[in-house]
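Residue strings, one per chain:
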Amino acid sequence: MSDRNNGFFARTALISAAALLLSPLGALAQSATAPANSSQSTTSASKDRWLHVRVISSDAKGETVRVNVPLELAEKILPAINKERLHNGKVKIDDAHVNDVDLRALVEAIRTTKDGEFVTVQSNDCDVRVAKQSNHLIVHVLDKENSKKSEVEIKVPMKVIDALFSAGKDELDLVAALHALSAQGDTELVSVKDHENTVRVWLDSKNVTD
Amino acid sequence: MMLLAKAVLGLGSTIVLAGAYTFREGVLRIDVDEYRSGGSHVHLWVPAAAVPMAMHFVPSQHMRHVSAQAREAMPILHAFVKELKKYPDADFVEIIDSDQHVRMRTRDGKLQIDVDAPDQKVHVLCPLSTIEDVTRQIEEQAPGA
Numbered sequence: 000m001s002d003r004n005n006g007f008f009a010r011t012a013l014i015s016a017a018a019l020l021l022s023p024l025g026a027l028a029q030s031a032t033a034p035a036n037s038s039q040s041t042t043s044a045s046k047d048r049w050l051h052v053r054v055i056s057s058d059a060k061g062e063t064v065r066v067n068v069p070l071e072l073a074e075k076i077l078p079a080i081n082k083e084r085l086h087n088g089k090v091k092i093d094d095a096h097v098n099d100v101d102l103r104a105l106v107e108a109i110r111t112t113k114d115g116e117f118v119t120v121q122s123n124d125c126d127v128r129v130a131k132q133s134n135h136l137i138v139h140v141l142d143k144e145n146s147k148k149s150e151v152e153i154k155v156p157m158k159v160i161d162a163l164f165s166a167g168k169d170e171l172d173l174v175a176a177l178h179a180l181s182a183q184g185d186t187e188l189v190s191v192k193d194h195e196n197t198v199r200v201w202l203d204s205k206n207v208t209d
Numbered sequence: 000m001m002l003l004a005k006a007v008l009g010l011g012s013t014i015v016l017a018g019a020y021t022f023r024e025g026v027l028r029i030d031v032d033e034y035r036s037g038g039s040h041v042h043l044w045v046p047a048a049a050v051p052m053a054m055h056f057v058p059s060q061h062m063r064h065v066s067a068q069a070r071e072a073m074p075i076l077h078a079f080v081k082e083l084k085k086y087p088d089a090d091f092v093e094i095i096d097s098d099q100h101v102r103m104r105t106r107d108g109k110l111q112i113d114v115d116a117p118d119q120k121v122h123v124l125c126p127l128s129t130i131e132d133v134t135r136q137i138e139e140q141a142p143g144a
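Top line first, the protein sequences correspond to chains A and B. Residues in the first sequence are numbered from 0 upward in steps of one, following numbering that gives the first Met the number 0. Residues in the second sequence are numbered from 0 upward in steps of one, following numbering that gives the first Met the number 0.
Derived from the structure by calculation, the hints contain no laboratory data. Worth double-checking, as some hints may not be accurate.
What the hints assert, rightly or not - Mimicking DMTMM-like on lysine to aspartate or glutamate, the simulated pairs with C-alpha atoms at most 25 Å apart in a straight line are: (1) A:Lys154 <-> A:Asp203; (2) A:Lys75 <-> B:Glu139; (3) A:Lys46 <-> B:Asp88; (4) B:Lys81 <-> A:Asp58; (5) A:Lys60 <-> B:Asp88; (6) A:Lys60 <-> B:Asp96.
Extracted from the complex, chain A is given alone in its bound form (with noise of 0.2 Å):
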């Protein structure tokens, strides 16, 4: 090998030696710029079904809160929490009564019952009304007490509701009622809306709430 080509090597191996040394720097400034860059990057796939919670408050502090939990993110954990009377996915409830009603039989009977409203109250205080809707349990609360109107409204569909009682006696299985909400189209669950608060739960396939 000659001089000429001796020198042009030895270059060479220097130039990459110093390029492979400085690389790691590059991608070490990258993995810690990347976060700050990439804070607007919100697609997820589309099977996938979020549960969203969103809290804002219009009082002096103005607080926003949101949560967005991957239903399947919730039915694999569920069941790793073991405390109290949680157990593998499942609520015990002492028995299925509260307050002297036999719940899964007043389950049992919306189930079985055709569409139509089961409770309408209207007075000066509150309206209230519960019903069976296109699969659905509608419950919606106005309370018109003291000039600060706050409403409630709850949408659970059936099938989530038999898949909570699916459980054996006493339990609630909350594992078998995310399943079942998985399954459902996109949907508003709980709003609540009062002077001060504004309370939204629902579901869809986006992971953003905004």
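Use these hints to put chain B onto chain A, whose structure you have.
Leaving out everything else, chain B in the frame of chain A:
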């Protein structure tokens, strides 16, 4: 000259391979600033792959103690991290009020927790795979594991 070039190339390649291995999982970054007298200011950048390696040097009695303390939380943490890896870019929790901003999200397979308050700022960025490795090592130290 030729010999020096070969030596530099060999050394360079070795350092690059070691660097690539060390930084393959990114960087664990912790920034804590407390704005009060005597408040701490911690700024830590560590190659994420080094954390599970460093844990091998922690005395086993300490690891067993940690494992026993975290026994109840470990299955939850393990399931949580395993599931989080399926959502590498997602916002999970955000709380904003007039003077505070708390955020938990994943970006590029890293868990990012940011707390911005008037009296303190905390920013944690940790690859999910590192949390998984650490969780596994702690679980392995559990009595009867």
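A quick look at each hint next to the structure:
For the given pair, Lys154 of chain A sits about 15 Å from Asp203 of chain A by alpha-carbon distance, which is consistent with the 25 Å threshold. For a cut-off of 25 Å, the pair hint linking Lys75 of chain A to Glu139 of chain B stands: about 21 Å separates their Cα positions. For the hint pairing Lys46 of chain A with Asp88 of chain B, the CA-to-CA distance comes to about 15 Å; that is within 25 Å, so the pair holds. Of the pairs offered as hints, the one joining Lys81 of chain B and Asp58 of chain A is violated, with about 38 Å between alpha carbons and a cut-off of 25 Å exceeded.
A threshold of 25 Å between alpha carbons decides the hint, and for Lys60 of chain A with Asp88 of chain B the separation of about 29 Å lies outside it, so the pair is violated. A hinted pair counts as satisfied when its Cα atoms are at most 25 Å apart, and Lys60 of chain A with Asp96 of chain B qualifies at roughly 6 Å.
Of the numbered hints given earlier, the model fails hints 4, 5; all others are met.
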